[in-house]
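From first to last, the protein sequence lines stand for chains W and L. Numbering-wise (this note's numbering), the first sequence opens with residue 1 and increments by one. Numbering-wise (this note's numbering), the second sequence opens with residue 1001 and increments by one.
Please note: incorrect hints may appear among the correct ones.
What the hints assert, rightly or not - Which residues of chain L face chain W? A few of them, derived with a C-beta cut under 10 Å, are:
1) Met1082
2) Ala1091
3) Arg1110
4) Asp1186
5) Gly1190
6) Thr1192
7) Arg1218
8) Ile1223
9) Gly1224
10) Gly1229
11) Asp1368
12) Val1446
Unchecked claim - If you anchor each label on the Cβ, the simulated ranges turn out as follows:
13) Glu39(W) x Thr1386(L): 53 to 61 Å
14) Ala1072(L) x Asp408(W): 50 to 58 Å
15) Ala1072(L) x Ala522(W): 36 to 44 Å
16) Ser1530(L) x Thr172(W): 55 to 63 Å
17) Ala1154(L) x Leu222(W): 55 to 63 Å
18) Asp122(W) x Thr1386(L): 33 to 41 Å
19) Val413(W) x Ala1072(L): 26 to 34 Å
20) Pro302(W) x Ser1608(L): 54 to 62 Å
To be clear, the hints were calculated from the coordinates, so they are not data collected in a lab. All C-beta atoms, glycine included, are put in the ideal place defined by N, C-alpha and C.
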Amino acid sequence: MTRQTVLLICAAAVSLAAGGQAGVRDARPLASSVARTAELTGTILNDASPAQPVNRAVVTVTGTEEAEAWTDERGQFAIKGLPAGRYTLRARKAGLVSTAYGAKRYDRPGTTIVLADGQRVDRLNVVLSRGAVISGTITDQGGDPAFDVEVRAMQYRPQLNGERTPAPVQTTGASVSNRTDDQGEYRLYGLPPGDYLIVATPRSLGPAEIRVSTDEEIRAALAEMQRPVVGGRGGVGATTPQTPARPAAPPTGTLAAVYYPGTPSASAATAINVSAGDERSGIDVRLQVVRTARVEGQVLTPGGVPPESVQLMLVANASATTPSLLSGALMNRATVAKDGHFSLSGISPGQYLISARTGGGPMVMQFNGGGGGTATMTSTVFHADSSASGQAGPPLWGQADVVVDGQDVTDVVVTLQPGLTLSGRVVFSSRQGLAAPADLSSVRVSMTPMVTSGGAFSPPQVTVDAAGRLTATGITPGRYRIFGGFLAGRSGAASTPGAAWNLLSAMVGDRDALDVAFDVLASGAPSEAVLTFTDVTQEISGRLQDASGVAAPDYTVVVFPAERGLWESMRRIKSTRPGTDGRFTITDLPPGTYRIAALTDMAASDLNDPSFLDGLVGASLPVTLALGEKKIQDFSITSGR
Amino acid sequence: MTREVTRVTLPTVLVLIAAASLPAARQGQPPQAGEMRVIETGGGGRASPLPPGSGPGAAIGGPAGGGLAPQATIPAGTGLIMGTTLDAGSARPVGGALVTLRLPGAAPIRALSDGQGRFVFRGLPAGSFTLDSTKPGYVDGAYGRARPGGPSRALALSDGERLATASIALWKFAVVAGRVVDERGDPMVGTTVQVIRMSLVGGNDRFVLGPSDATDDRGMYRIGMLEPGNYVVAVPRSQQDGLRSILVETARTGSGGPTSLAMGLPAVALPPPDANGQRPFVVNFGTDVKTDASAGLDPDGRPRVYATVFHPDAPTASKALSMTLTSGQVRSGVDFQMRSTSTRRVAGRVRMPDGQPISLSLTLVPVDSDGMPSPFETATALADTTGAFTFAAVPEGQYLLRAVRVPRRFTSFSIGSDQLRMVSALMAASSAPDPGELTLWAEQSVTVGSADTEDVGLTLHNGNTVSGQVELDASSGRLTGDQMQRISLTLEPLGSGLAAVGGPVSGHCDASNRCVSGPALPGPYVVRLSGLPQNWFFRGASLDGRDVTDSPLDLESSDLSRVTLTLTTKVTDLSGIVVRPMASRADDGDLVIAFPEDRGQWTGYGTSPRRLRAVRADTRGAFSITGLPAGRYLLAAVRDSSASDWQRPAFLETLVADAVRVDLSEGAKVTQSVKLVTR
């Protein structure tokens, strides 16, 4: 959360290339006859003082070609036989924090090394800091060591929709999750510096309900033992005139995931801050039995729709639950009875979404994973029952939010209604005379809901016919974005139209759904979507230099939209590190007006932060990119702070 | 039950997805179109199905069991069962154990025992219940179970009965712990330590993979979840050369569908369908596997590797320290010092039987590997489409170079309107689907000495079948064609050679009473028939007059077609009473064991013994064993709690002196009392 970047002012543009000039910078694959005469050497050291060489670290280079080497006992490596090109270099070793050459920090991009034929670049030294260790003991509800409990380090990460939620740590060379041993102990190591939430997740006991043996229950049973037997063998001298009623059902519960220091909720958890090489022991957690409840209700269906054909899922709100995406407790499916009733038992406290729909298509569960990515699980439905119901009409959907807190919830009503429809067309606009593909049915378009915190949904079915007519059906109200493209084959560009055609825009009303989400209201979907493909791309390239004209590779170049309304459009916000020659290229930017800036340091996640971009506006230069333009813009750094 | 979190790879994720959607009622049935088969990721290129309902996938679909096919609840009554979950060793209560009460035909009731291990189920009807209990860190317990994995007992509750003494014993797992360091004494971080259990397979001890753990930043590991038994512990080091990838084939069934597959991994674009509407493509979920030079390089530039070590410092499992672990025992100090060794290159070319090149996975196994499964091969490599393969770093020694291809098994799933099939295997990115789905094999010895081996030629052979005619015992009647077609012939491998690598091979029978196995790898097998109609019994199989049911059939490189398989309705029955010492109280804890008089039949019987049987006597001591093949047997009775190793030849040997001889002729009904052996 702390801003560790220092803004540096880049002032004057040295030269602006003539607009519209198509600077051809070829990225043709290397011929096999290429010279392999360049070489990279260096030393990997640790962060001890004085620094010690790191033996058997893995050094990888990526870029024009990929290669790998191991360091020797002096920490030295040599990667020989490389073709000329642009490379980045990274070192890793288990227990140490993987870092790139030239990076300001472990989580920052490295410097691009520009290598000529026959050139040897020496002294590529990388310091790997020792990862932090977090360890502790997990005890069960009775205070005994808890065996086989998954303990995981989590970090808050911004998601696609801007929300920050805890997500599993993603790093290499580290153990970010561990199962407790027979002593209840766990040990996470190799952690980069930062704030971590520790969550202990016991093995799922399965979704069916579990009774909790309470003292009351045991006392009642012992009292019952004292009473004479009614009926059965030895049932003589019964004093109770009638058969006793069945005892009240005992409370039900299950073992829940617990965040350090002892809360089921991530928002109430205490973050543990570690610096490089810290060892934090005693991060202990005691598991808890939480009360579970039954969720019951009714699905209301329009006339003629048999409720048995309804799929119903209860999915936990991801931000309120455990990180175990695959834990069985996360998803509950129920059948809906003929009268529309459904019942789910053993539900832990939490916020849930009940999703119901008809139609045989799959339902998708989406979880917000780490790093802004999402994991999507599809529940495959076998068509045995949907064909029996003979359903031909549009799919129906319904949703209901449920909060469970140990008490049974018995009055949930899910009302089904028809899904909405959006139609549109796919347009091909050529600048280089490329003929539009004859059959447009290989265009793939998806409408992706911008769920706030994960949940179950039925993705709209989007089809494109051979003539380019687009139809999206089964849309439920919510925020959506559109993604699209051609199916790319492994067989190479020649047979794949997508290699030449790029999706330029997806206009829904006056907004481009490739940049910003649009809303579908229950009252109706937008009238039309127009997807436009073109056969050109845009890019900005140039050279960054200091006031004396020397290449300035130790900066990060950022391009972002001039218009604030587009600051959520990730395709319009890009950053890169110039190479050692000061040259940079940013490709695949849509046409538009941008601002460009150079920074000394920046975290990738800063680009999701509007206030960060706000701070850049004053230190940036305007750039306009026309359709198909390859702009060359060199600039120099004139003053710093 | 193993710590395999670190090994979760893409296919596993997919397994979970699809398992979630399979209605419980369908699990365990053969997959149908559009359904999936659960496949485990096999490093050696062989995929084997998991038993239905097992594995992590089973848990997720839970409500599918409870929700999609609701079971009746246990009816109300006035009975009561109360009890305690206990540590079998200390007899102290185990709190927080999950106790499951089952009545056949009804949904089970589950309860967590309290801090003193107490649990209670009230309002129960009369019935025959079973009770079992699980708790992390313990071997599962059940009512009436006297030894880990031993038989349990039903709990008969009469109307209104209150039973307060239903204690369930749980056995604490044993633990091994230690440290792994390199030749300089530095900790080896993230290194896999593998426990291997000595298990009885076909009467012989075999090494079976147990749980594993990865060392932490101090080089330390700790492996729990070990049931009492004999173990060796190792640090396996296997070199992998080639590209690890999975092949996904898609069959487009609708015009919509997604543009990419995103499963927590970088999204993969789907290719356009081909003329047949198929979209075969490959997802690489690993990078090009490079030579592991973590042990450094020799002056000549060759990589050094760490060799597999069995604790304390042995190259093979049979030379390792065998540790007998009892329940709850903690064996620490099981340490390893890894040593690097210099290597040589082994390269060559593999061809199909017709001389065509083939891309497939090859393994290099030490000659004295004791039948150890993967990851105890020395190296795996992937031949490219020209059949060329290279093992980049092989220590000196004697090896078997093996290539085995069995018909691929697919995982099917759908994304959007696309049906996809996935096969998880180590295979070349460009490997085309194998049209014939052939069973192919090759095995050849390779000596790696002081120089590189560059020109190994390996030619694959086709698998061979065993077939024969079913003969029905004259007085037993006939079988319909339909009944015949439900019978299948299975070859069960013996030993630990190539046949065991391939595993059991099943085939089918036709209406003309002819049965044929699937293609099998060479080696010794015993012949079995399964799927027999009720009251029919497999008397045995013979080849040229020689028995191949109790003694092995050696399959070489040609088909065997003259096997005679005999079925009969004459089933033996051996029943009697266990005679107990005067003082002992009657219970049902006695185990009656029938075993062959011929010691040669105590071993080498495939996966399941035909002539070795154990049954529990009831509370009156009565027992009955039906269906033993005719022959001469010994009969003995022991306390069940002492009989955890009853199939072990050494244990049977201790029974010989006290056992009674029984001669069973075909279809004989024999009554024989047997005296309880108490020791």
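Here is how each hint holds up against the structure:
no.	hint	verdict
1	Met1082	holds (5 Å)
2	Ala1091	violated (16 Å)
3	Arg1110	holds (5 Å)
4	Asp1186	holds (8 Å)
5	Gly1190	holds (4 Å)
6	Thr1192	violated (12 Å)
7	Arg1218	holds (8 Å)
8	Ile1223	holds (8 Å)
9	Gly1224	holds (4 Å)
10	Gly1229	violated (17 Å)
11	Asp1368	violated (30 Å)
12	Val1446	violated (27 Å)
13	Glu39(W) x Thr1386(L): 53 to 61 Å	violated (31 Å)
14	Ala1072(L) x Asp408(W): 50 to 58 Å	violated (21 Å)
15	Ala1072(L) x Ala522(W): 36 to 44 Å	holds (41 Å)
16	Ser1530(L) x Thr172(W): 55 to 63 Å	violated (49 Å)
17	Ala1154(L) x Leu222(W): 55 to 63 Å	violated (25 Å)
18	Asp122(W) x Thr1386(L): 33 to 41 Å	holds (39 Å)
19	Val413(W) x Ala1072(L): 26 to 34 Å	holds (27 Å)
20	Pro302(W) x Ser1608(L): 54 to 62 Å	holds (57 Å)
Hint check: violations occur at hints 2, 6, 10, 11, 12, 13, 14, 16, 17; the rest are consistent with the structure.
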